[in-house]
Amino acid sequence: MSDDLTRLSASALAARLAAREVSSVEATSAHLDRIAEVDGGIHAFLHVAGEAALKRASEIDQLRADGHDVGPLGGVPVAIKDVLCTSDMPSTAASKILEGWIPPYDATVVARLRSANLVPIGKTNMDEFAMGSSTEYSAYGPTRNPWDHDRIPGGSGGGSAAAVAAFEAPFALGSDTGGSIRQPASVTGTVGVKPTYGGVSRYGAIALASSLDQVGPVSRTVLDAALLHDVIGGHDPRDSTSLDELWPSFADAARAGAENLSLSGLRIGVVKQFSGDGFQAGVTQRFTEALGILERAGAEIVEVSAPNFEYAIAAYYLILPAEASSNLAKFDSVRFGLRVTPEGGGTVEQVMAASREAGFGPEVKRRIILGTYALSAGYYDAYYGSAQKVRTLIQRDFDAAFEKVDLLVSPSAPTTAFRFGEKTDDPLSMYLNDITTIPANLAGVPGMGLPIGLAPEDGLPVGLQVMAPAREDARLYRFGATLEALLEDTWGHPLLDLLPAQPTLQARTEPEGGAL
Amino acid sequence: MSDFSREQVQHLAGLARIALTPDEIDHLATELGTIVDNVRKVSEVATADVPATSHPIPLHNVLRADVVGDVLTNEQALAGAPDAADGRFRVSAILGEEQ
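Those protein sequences? They're chains H and V, same order as listed. Okay, so the first sequence: first residue is 4 according to this note's numbering, each after it adds one. Okay, so the second sequence: first residue is 267 according to this note's numbering, each after it adds one.
Check before you lean on any hint, since a few could be wrong.
Partial selection, computed: residues in chain H whose CB lies under 7 angstroms from chain V [claimed, not checked]:
(1) Trp104
(2) His152
(3) Arg338
(4) Arg342
(5) Val343
(6) Met355
(7) Ala356
(8) Glu360
(9) Thr395
(10) Ala446
(11) Gly447
Derived from the structure by calculation, the hints contain no laboratory data. For glycine and all other residues, C-beta sits at the position ideal for the given N, C-alpha and C.
Produce the entire structure from the sequences given, and follow the hints as far as they go.
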């Protein structure tokens, strides 16, 4: 077994911690050292917990030494997307308007990490307020894709995906409003899950679009995602949209899937609309090969048409800006965040406008203005109202599809990682990048992205997205673990074993400093 | 192509409380036109017989017991404020001179 603790999956690391072969302090130090070594190049982190993480790790080691049950993941480090409130670390959503802000409370998912004795090691970079598909809209500079530093790591959760891909953290939390967990997973060769809407609490997640946002796990293996989902999921009375029901163990589902590799009797639908023009050849090739593997394992593959998916992006870019323009009204320079007073003073309204001008980046302004327009009198029915109707039609497409099949699959993203700057001048082309992932958010159904190989033309990771009916997240984990095992049998190793060595560049983040 | 005038963008920015620069207004006038042209296609299928969906998973009223919960203290609530005095948020004048 490798002596490098950062190369272990979270579950393997947890096993060695439980066996007392390694301590949490050793595991945490190994990851902090890795961050110090490579994050200057990757810039996955906006804040590194440093001493605080080591202190927590030592406490957990002590608990274990004293004979306490520290739980299945006790002592394992975890990274947290900067959109989630942490009472001991800055929480900026990668925006200047929240620079240095330390919230007075923890998000429910963060509180659950702490209760499960996980060790938060830092906050990960993202597009500002989760608006973007590349992390190029982070106010603190982009994250680089560990597979190729000239390329984007996806977004908005590029920091979490890159941190996990580059072995800076065994797993991480992300959030997914239109693909912000699944698309970064696709372009970094990692696993990411957007749970059923309401399956994971949004309390303390800085809201982008409340009817679309979901927090979920980011990891290198399907089992690790399931273990993390088991920790963060379940009803939270502080989130009124949280589903009040009991969930099965997702880790059990993943273990069952890895145990029994037969897919006979499983009906898998391929979304017809997610193919053809706009899909890179190598993406299509790897996807087709994956379908072959599934078929040989006994699955029945059928083509499914979802005619209204074509309207998903249009509906999304009305609903999201509308909800965002309302959610981001809270950044008013009164209760928290940046305050900029215009020269010579001004009324509270002028101070507010100056603060928002200085504190928000270009994409955030674009979406707030677009949302304000879509909600304004005279346009509401034509835009926001119509978009909500499209949402109904997309749900009906999913309902019809799930009458015929158990799961739906597609490429996670139309292309592999693109180069920096390729799409920033054209907001629309950036938006089109999320074509495959947005429908699941509009319908509230769960989706998982997992790696299926490297595209032959550029050697970059390709992902497969699998979607299940609402509340059937366990189905994703069972299937995902089976496909992962079948692929690794073919390759002879996990995909991330092929990750190039990372250049050593001192991290720019101070261990105990603010967000940069 | 949808045209957004500078005045229209300026008006929206006022509603959204963002003091855009003239340069930003020029850019947004062009960009918004392109985006709106593309999102307008929702109306092709959003016919009168289709009900709207506001929320992906149907929910009913969510109630809780009418008791004081675990809430922030005054100090916690003010901890991140740009300015505070006497246990309250402090802001500049609410009304301008002309008001």
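May I ask you to test the interface hint for H/Thr395 with respect to chain V, counting a Cβ-Cβ separation under 7 angstroms as satisfied? 4 angstroms, holds
Interface hint compliance - H/Trp104 to chain V, C-beta minimum distance less than 7 angstroms: Nearest chain V Cβ about 5 angstroms off; hint holds.
Using 7 angstroms as the Cβ threshold, decide whether H/Arg342 counts as touching chain V. Cβ of H/Arg342 sits 4 angstroms from chain V, so the hint holds.
Do the numbers back the hint for H/Glu360, that is, is its least Cβ distance to chain V under 7 angstroms? 4 angstroms, holds
Quick one, is the H/Met355 hint okay against chain V at 7 angstroms, beta carbons? 5 angstroms, holds
Using 7 angstroms as the Cβ threshold, decide whether H/Val343 counts as touching chain V. This hint is violated: H/Val343 lies away from chain V, its Cβ roughly 9 angstroms from the closest one there, beyond 7 angstroms.
For the restraint on H/Gly447, tell me whether the closest CB of chain V is nearer than 7 angstroms. 3 angstroms, holds
Interface hint outcome for H/Ala446 [beta carbon to chain V under 7 angstroms]: 6 angstroms, holds
Satisfaction of the H/His152 interface hint, Cβ to chain V closer than 7 angstroms: Result: violated, 29 angstroms to nearest chain V Cβ.
Hint validation: H/Ala356 versus chain V, beta carbon distance must be below 7 angstroms. Holds or violated? Hint on H/Ala356: holds, closest Cβ of chain V at ~4 angstroms, below 7 angstroms.
Are H/Arg338 and chain V close enough, Cβ to Cβ, to be under 7 angstroms, as the hint says? Constraint on H/Arg338 satisfied, holds at 6 angstroms.
Hints 2 and 5 from the list above are not met by this structure, while the remaining hints are.
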